[in-house]
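There are 2 protein chains.
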Amino acid sequence: MSLATSVLEGNRLSLARLLTHIENDTSEGRAALDELFVHTGQAHLIGVTGAPGTGKSSLVNHLARYFRKPEGAGAPSKVGIIAVDPSSPFTGGAILGDRVRMRDLAGDTGVFIRSMASRGSLGGLASATSGMVQALDAAGYRIILIETVGAGQAEVDIARLAHTTLVVEAPGLGDEIQAIKAGILEIADILVVNKADRPGVENTERALLSMLQLAHPAPRIYWHDGQLMRIESQPQPDRGGDFWQPPVLRTVATEGVGISELGDAILRHREHLQTSGGWERREHARLQAELDTLLKAGLVSRWQKAASPAVYSDLVDRVLARQISPWRAVEMLLDGGRT
Amino acid sequence: MSLATSVLEGNRLSLARLLTHIENDTSEGRAALDELFVHTGQAHLIGVTGAPGTGKSSLVNHLARYFRKPEGAGAPSKVGIIAVDPSSPFTGGAILGDRVRMRDLAGDTGVFIRSMASRGSLGGLASATSGMVQALDAAGYRIILIETVGAGQAEVDIARLAHTTLVVEAPGLGDEIQAIKAGILEIADILVVNKADRPGVENTERALLSMLQLAHPAPRIYWHDGQLMRIESQPQPDRGGDFWQPPVLRTVATEGVGISELGDAILRHREHLQTSGGWERREHARLQAELDTLLKAGLVSRWQKAASPAVYSDLVDRVLARQISPWRAVEMLLDGGRT
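Protein chains in written order, with the working numbering: chain L, 46 to 384; chain A, 46 to 384.
One or more of the hints may lead you astray.
To be verified - In silico BS3-like pairs for lysine-lysine, Cα to Cα no more than 30 Å straight-line:
1. A:K341 to L:K341
2. A:K341 to L:K350
3. L:K350 to A:K350
4. A:K350 to L:K341
Please keep in mind that the hints were generated in silico from the structure rather than gathered at the bench.
Pulled out of the complex, with its shape left as it was, chain L reads as follows:
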């Protein structure tokens, strides 16, 4: 039986093996993904990003439990979790996080957890995550939570894979930290203030709302006695014309507080995407981006097979000696190594 068939039949060990193949970008992994792709497209991809210390892992664990409750009369969804930690492997964060998770969700065979701590290239990390999402999707996991450590472009790229993106904040991390989030706020569908039992929760909420105002011109926010009273819906032109005002929700993940409200907001966002055409637009953008990445890699690998290493290294030497510019060298290489 092929690896892909075994994954389709629900074999967890085969799924784990496939994810390792995908992480290592092996030909066996690529062949299996090729076979599995026609079975994808059913899962709701939920990105969860935020700085270290915001309590993302707890939140993801509790959300996994929320989605294990049956929707309507049917069986509960299978839930996949992919935790991506692009920081250096010597922190050991991903492995530790994995163990904490294993303990929290132990015994539930409807949950599959995988973490990835990689220093690989950005493209590699996003592409491995994308492959893992496809494997879980084909294996019947209808909810896939993708957790990343926020702030950098890598996380933004990975978050763009998702249908619904949660940005997690916590009180007391300081205004200076908020600034770095400006970019990531633009991709947020739902903002979560976790650890909301800590002092300063109102300040954090207010900072997020101010940044949303900056990110999305002319929002309507009403304050009364220091409390947020109303936010009217308004267009987000960069998300394709579907109107969705990112709500700001409070949670205390370690106590399970606010989780069901957050889960409900995620389901509302899914419904919104499905009725507004946003779902198709995001699928289109995501798959086209993946196609373009693979195309680039394919072009380079075919060129390398045909190219002469001697000509290449001679041109590198001439660039180093400042005899020709890198631009000129590339033109020479593309024109078949004529020097």
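Assemble the complex: chain L is given as a structure, and chain A must be docked to it using the hints.
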């Protein structure tokens, strides 16, 4: 007179125009860089990275002044500053920073300052920075300070352009923040604890040293009464075999405290690179990476010119309909669109 010639002759207005061409990736910019490349290779590239709030901009301004003092009997070096802020443009940080800088360094025609706030692709940002560095190098700027807002992969990529990389930390930003720096510490040649008049400076210093220990196995660090007594030199295998123990230095940039010690450490690092062969190794790695990036872009652009848009969009549709996988679609595209 060509733009390149005018830049070589020291015309600041032409240099500013060229940098705009480079930022916008115009053909005029590329032609000028092609012409200027043979005049590059003289500058010492110094990367300065750190989280928001660490006081990088002040530090960079004071370092610029330090390097404007003549070395030996000669004239003072011309100093270029490139400030890269990959966060969203609506924060306005880069523009504000630019104005503060202009005021600090006003009237010194030996200093050229340029900031770039871009949401462009990662490749684009690193490649624009690389082009700007080459333009300043050719224009005779012997010291080029490249300032980035730390944490993400984008900053690491940009820092890799440099001969000497400074990672700036400040007391009181919290241990959680430190964690995200693990990756960036590996590329640090010099660690700076700025705002060293704040409480907690010893803790920050200790945290950095612990992380250095993790990053570089088996360092020799001696403590006495809570003070660092000695760090012995040790190999950093990933920097090509040249031995350099990153020093940890305290500064209070706003008061100019510790700047000349920091400047001296930078000059020591340059000397170390030049005597150990590290300079050539870094130049080689940098130019080869640039060549590879340009090669990829060139392959894609040539392929696009030859490809059929109808075949491409038909294949995208078939991927979206889950009829074929992205891998299969790319193979079809590379094989000339045979479906």
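So, going through the hints one by one against the coordinates:
1. A:K341 to L:K341: Holds - the C-alpha atoms of K341 (chain L) and K341 (chain A) are around 7 Å apart, at most 30 Å.
2. A:K341 to L:K350: 14 Å, holds
3. L:K350 to A:K350: 21 Å, holds
4. A:K350 to L:K341: 14 Å, holds
Every hint, counting from the list given before, is met by this structure.
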